[in-house]
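Novice: Going down the list, the sequences are from chains B and S.
Just remember that my numbering sits 42 ahead of the position in the first sequence, which is counted from 1.
Just remember that my numbering sits 15 ahead of the position in the second sequence, which is counted from 1.
Among the hints, erroneous ones may be present.
Claimed, not checked - Derived lysine to aspartate or glutamate pairs resembling EDC-like cross-links, with alpha carbons at most 16 angstroms apart:
no.: 1; chain 1: B; residue 1: 84; chain 2: S; residue 2: 61
no.: 2; chain 1: S; residue 1: 43; chain 2: B; residue 2: 73
no.: 3; chain 1: S; residue 1: 43; chain 2: S; residue 2: 18
no.: 4; chain 1: B; residue 1: 84; chain 2: S; residue 2: 55
Since the hints were derived computationally from the structure, they do not count as laboratory data.
Please read these numbers as outputs of a predicted model, since none were measured by experiment.
Listed here are the chains, written in short residue letters.
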Amino acid sequence: MSWKYLPRRLITTGVVGFQDLNRGFLSFVNEVQGRLNEHNWKEGAVREEAVPTPGAGDLNFVSTDVLDLDAAYEFESTRNTLTGASYAANITWGGWRQAQWNYPFGWAGAWLIPNTLQWDIIGSETNPFITSLPSAPGDTINPCERSFTLTETTVVLIALSLQGYQSFNTMGAMSQIQGGCSFALEVNGAVITESLYGTADSSNDPVAIENFAPYQPMAERMHAAPAYDPNGVYGYSVCVETVMTLPPGHVTVRGLVKKLTTDGGDAIIGSRELIILKLMR
Amino acid sequence: MPEILFTPFLEEEGFTEASITDRLDQAKAGLNSVVQQASERGALNENHGGSCVVFMDTIEQTTPSLHQATWGNLWEPVYWNLTNGNGSGDGRQLPPPADGSWEAIGGAPLEINFTPIPLLAATPDDRFGVSCIYVMLNAEVRYVNGVDHQGTVKNVDCGVAITVQWEGFKDDPIPSSQGWFHIYQNMAPADAAFVPPGLVNWCRLPERKVGPAALQLVPGGLNNQLDIWHDISIRTTIRPEDLMRAANELPVGPLPIDLVGAVRGSISLITTDLVETTRTEIRNANLTVIALRGTEALL
Numbered sequence: 043m044s045w046k047y048l049p050r051r052l053i054t055t056g057v058v059g060f061q062d063l064n065r066g067f068l069s070f071v072n073e074v075q076g077r078l079n080e081h082n083w084k085e086g087a088v089r090e091e092a093v094p095t096p097g098a099g100d101l102n103f104v105s106t107d108v109l110d111l112d113a114a115y116e117f118e119s120t121r122n123t124l125t126g127a128s129y130a131a132n133i134t135w136g137g138w139r140q141a142q143w144n145y146p147f148g149w150a151g152a153w154l155i156p157n158t159l160q161w162d163i164i165g166s167e168t169n170p171f172i173t174s175l176p177s178a179p180g181d182t183i184n185p186c187e188r189s190f191t192l193t194e195t196t197v198v199l200i201a202l203s204l205q206g207y208q209s210f211n212t213m214g215a216m217s218q219i220q221g222g223c224s225f226a227l228e229v230n231g232a233v234i235t236e237s238l239y240g241t242a243d244s245s246n247d248p249v250a251i252e253n254f255a256p257y258q259p260m261a262e263r264m265h266a267a268p269a270y271d272p273n274g275v276y277g278y279s280v281c282v283e284t285v286m287t288l289p290p291g292h293v294t295v296r297g298l299v300k301k302l303t304t305d306g307g308d309a310i311i312g313s314r315e316l317i318i319l320k321l322m323r
Numbered sequence: 016m017p018e019i020l021f022t023p024f025l026e027e028e029g030f031t032e033a034s035i036t037d038r039l040d041q042a043k044a045g046l047n048s049v050v051q052q053a054s055e056r057g058a059l060n061e062n063h064g065g066s067c068v069v070f071m072d073t074i075e076q077t078t079p080s081l082h083q084a085t086w087g088n089l090w091e092p093v094y095w096n097l098t099n100g101n102g103s104g105d106g107r108q109l110p111p112p113a114d115g116s117w118e119a120i121g122g123a124p125l126e127i128n129f130t131p132i133p134l135l136a137a138t139p140d141d142r143f144g145v146s147c148i149y150v151m152l153n154a155e156v157r158y159v160n161g162v163d164h165q166g167t168v169k170n171v172d173c174g175v176a177i178t179v180q181w182e183g184f185k186d187d188p189i190p191s192s193q194g195w196f197h198i199y200q201n202m203a204p205a206d207a208a209f210v211p212p213g214l215v216n217w218c219r220l221p222e223r224k225v226g227p228a229a230l231q232l233v234p235g236g237l238n239n240q241l242d243i244w245h246d247i248s249i250r251t252t253i254r255p256e257d258l259m260r261a262a263n264e265l266p267v268g269p270l271p272i273d274l275v276g277a278v279r280g281s282i283s284l285i286t287t288d289l290v291e292t293t294r295t296e297i298r299n300a301n302l303t304v305i306a307l308r309g310t311e312a313l314l
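I would like the entire structure built from these sequences, with the hints used as guidance.
Specialist: This is the structure in structure tokens:
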């Protein structure tokens with residue numbers, strides 16, 4: 043705690059002694075030499091200074107030694123090449139990921155959604171898998187998952203943006219309808235309801251109907267879980283997101299997908315980015 | 016630790032105006048020159064820093080915009096490069112500079128400009144700067160159609176690619192634009208030595224594609240339009256490593272990209288044949304940019 047008053051104050055009839063004066067100045071000097079705390083800085087003290095301007099970038103930073111670690115937002119990086127929850131992968135014509143010899147080094151290709159009819163972690167795959175990356179049996183690549191620890195109650199923004207693809211099959215060719223996929227975010231083992239996307243709703247309508255075909259939303263045709271883009275070659279995009287207030291403790295965020303039928307063709311996920319921003323403390 | 020030179024009063028020293036003024040001046044000098052190390056850990060918290068949002072803006076396109084790629088005009092926004100050494104027309108991205116032509120979505124560009132700011136990677140000693148720009152882009156793709164130019168029936172595969180691009184600046188010291196850049200996956204180390212484009216792994220992280228299969232074009236004009244009616248939503252971040260990688264993207268070599276000064280939603284038409292005109296309509300779109308500062312997880 044910083045001092046607020048001198049240890050000895052001058053009074054009208056008091057005798058001024060050099061030791062008392064020195065003690066008063068010493069308290070002040072000690073504070074300025076290393077004991078300034080949050081009470082010594084007014085509200086908004088670094089607000090302006092922390093706004094970056096061209097040519098003065100370094101001046102706009104505050105040392106870790108001074109800053110409370112929970113002072114502002116914190117970014118959870120997910121782009122690590124081998125283990126990051128985010129991953130860039132091409133979906134090529136026809137959707138199918140290519141064998142490794144068709145990729146430059148480092149591209150593992152798109153990810154095939156398993157026919158499990160249950161929630162799967164996006165990108166989680168155990169060797170052997172099609173990749174040009176060095177790997178050993180039992181290795182997994184790029185599960186869409188990120189864990190971190192919160193020291194206090196925190197508002198967290200979570201967003202998952204990805205490229206999906208549902209391949210053409212005979213049933214789809216006949217009716218333009220086939221089984222689709224659902225997507226969701228999972229936080230600490232619980233699927234976040236507001237992040238659910240891709241069921242029998244209009245957001246899951248086909249996207250490649252030729253103009254002579256009647257355009258009618260899938261949901262209105264009462265077809266559950268239709269596929270995106272049953273005739274398409276390049277697929278569709280998905281974005282699920284949520285803002286949550288999380289208590290202190292360990293947190294695990296996952297991106298999930300569920301293939302809803304096994305009658306369709308291959309369902310694939312290409313590039314995907316999981317964003318986690320711890321916004322306010 | 017900082018050191019303040021302060022001369023204490025001595026027992027035999029008299030209290031004079033000059034001696035007291037001297038000590039007050041010494042204290043004043045120490046206070047005026049207070050250094051970073053003078054503060055305890057945690058001396059600055061959220062109350063001193065204000066909002067973590069340094070800058071935020073949203074732009075919206077409310078009227079449909081037409082985007083067109085015409086035969087022969089390679090500078091128009093088209094993914095001409097659908098072939099590589101493994102075959103033709105498979106729709107994959109190629110490394111820059113052969114990664115297609117892009118333009119801003121919208122009649123008026125769906126673009127947000129701001130005072131160029133540095134994105135600096137967090138280190139144990141430097142924090143609380145802007146190290147992330149969060150971008151939200153939504154665009155509704157209405158259709159893809161085509162016009163035949165050859166007088167013959169033609170089957171092509173068409174689609175639309177949408178992504179987020181940022182404008183990089185060199186700070187020397189007046190910011191000068193170095194062009195628009197993509198956001199790539201971290202396949203190569205961000206600080207890797209310069210490698211000519213095409214020899215490292217470049218795959219755009221926030222690129223999203225939507226599109227139909229065969230579009231049959233017959234002579235005589237616009238025909239066989241393919242309805243899409245699909246929203247493309249993208250969430251992504253612009254990070255310090257993107258600036259470092261952008262330096263390698265420049266064909267002339269690793270020029271430093273110090274600042275980010277604009278963000279836009281970009282579009283490129285996909286076609287598997289070079290002889291047709293392809294078109295798409297973006298019914299509406301919106302772009303939001305949020306520059307955030309804060310503490311940082313290093314990984």
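Novice: Are the Cα positions of residue 84 of chain B and residue 61 of chain S separated by 16 angstroms at most?
Specialist: At roughly 11 angstroms apart (the allowed maximum being 16 angstroms), residue 61 of chain S and residue 84 of chain B satisfy the hint.
Novice: Between residue 43 of chain S and residue 73 of chain B, is the straight-line Cα distance small enough, at 16 angstroms or below?
Specialist: Roughly 13 angstroms separates the two Cα atoms, so the pair holds.
Novice: Within 16 angstroms, alpha carbon to alpha carbon, are residue 84 of chain B and residue 55 of chain S?
Specialist: 15 angstroms, holds
Novice: Quick one, are residue 43 of chain S and residue 18 of chain S close enough, alpha carbons at most 16 angstroms?
Specialist: Distance of about 14 angstroms is within 16 angstroms: holds.
Every hint from the earlier list agrees with this structure, and none is contradicted.
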